[in-house]
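Asker: Residues per chain, in single letters:
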Amino acid sequence: MTDVERIDAELARRSPGIVGRGRAGGYALPSTASSPPDHRRDMFEDFGPAERLHAAVRRCAPQIAAAPVLDEEAGLTRVTVTYRDAGPWLIRWDGTSYTWHNGPHKDTRLGPDPERAAALVATTLGAANP
Amino acid sequence: MADRTVSDDRLAALGAHLSARRLDVELTSRGLRVENAGTPGCCEDVPIPSDVINCRTRVEDGGRPWFFTSWNEPIAEAGRVTDAAVFILGYLHRDEQ
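Quick mapping for you: the protein sequence lines, in order, are chains D and F.
Residue 104 in our numbering sits at position 104 of the first sequence, and the numbers go up by one each step.
Residue 68 in our numbering sits at position 68 of the second sequence, and the numbers go up by one each step.
Hint data in this document are derived by calculation from the structure and do not stem from the laboratory.
Incorrect hints may appear among the rest.
Said to hold, decoys possible - Restraint ranges, calculated between C-beta atoms of paired labels, are given here:
1. D:Asp94 to F:Arg33: 47 to 57 Å
2. F:His93 to D:Pro62: 20 to 30 Å
3. F:Arg80 to D:Pro88: 13 to 23 Å
4. D:Asp46 to F:Gly38: 49 to 59 Å
5. D:Asn102 to F:Glu44: 45 to 55 Å
6. D:Glu73 to F:Arg21: 45 to 55 Å
7. F:Val46 to D:Pro68: 35 to 45 Å
8. D:Lys106 to F:Val46: 41 to 51 Å
9. F:Cys42 to D:Glu72: 45 to 55 Å
10. F:Val46 to D:Glu72: 43 to 53 Å
11. D:Asp113 to F:Ser50: 39 to 49 Å
12. D:Ala74 to F:Gly38: 47 to 57 Å
What the hints assert, rightly or not - Heads up, incomplete: computed chain F residues facing chain D, CB under 10 Å, no partners named:
13. Asp61
14. Gly63
15. Glu73
16. Ala76
We put the CB at the ideal spot given by N, CA and C, even for glycine.
Pulled out of the complex, with its shape left as it was, chain D reads as follows (with noise of 0.2 Å):
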């Protein structure tokens, strides 16, 4: 038995929903009733652009009320921003680029960058650091 085999026995042996190895070497998940729990995997997949956008903010500008928002006639998560008297407005994801959703600025793009968007955002709201 080689060493990869003795590996592959041992992880089989510990860990039973680990059902073998994909062409890339990595480890496959079976679909079935062993795969994580429903609220770990939703905890990953809703991590999506709009969510990234809202840690972005909530670090480099935690004085700016912000939340995930879920558009539910689009089906998308938005984020909505408030910051004194500006907003609350909207901002979505539109494949590309971060995008203001309302507002003044509406349809006026941030970039693809959580990062650079949130600075943007807390400049056009008045909420960045002199």
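Got chain D; can you put chain F on it based on the hints?
Answerer: Here is chain F on its own, set in the frame of chain D:
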């Protein structure tokens, strides 16, 4: 969804910070009363600058608790006590010209 008032613990923590900065504080049933006795007020009716701070959830911030002034201006998230204290010190301080 109506804003919800949260426990007094956070106001007590804010009160401790403000008290350490020589403001007079009192935790009341209406909120945290803060006075800056070392500074004259704006007029005869308001002899010293003061305010009543409240802590309640803020819908626009995903329901996180925030401190608010008596005129409902958000001060800071309740977990950022130092930021809130600086903000309050700022507006309760009047330059003696």
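Asker: Out of the numbered hints, which ones does the structure contradict?
Answerer: none
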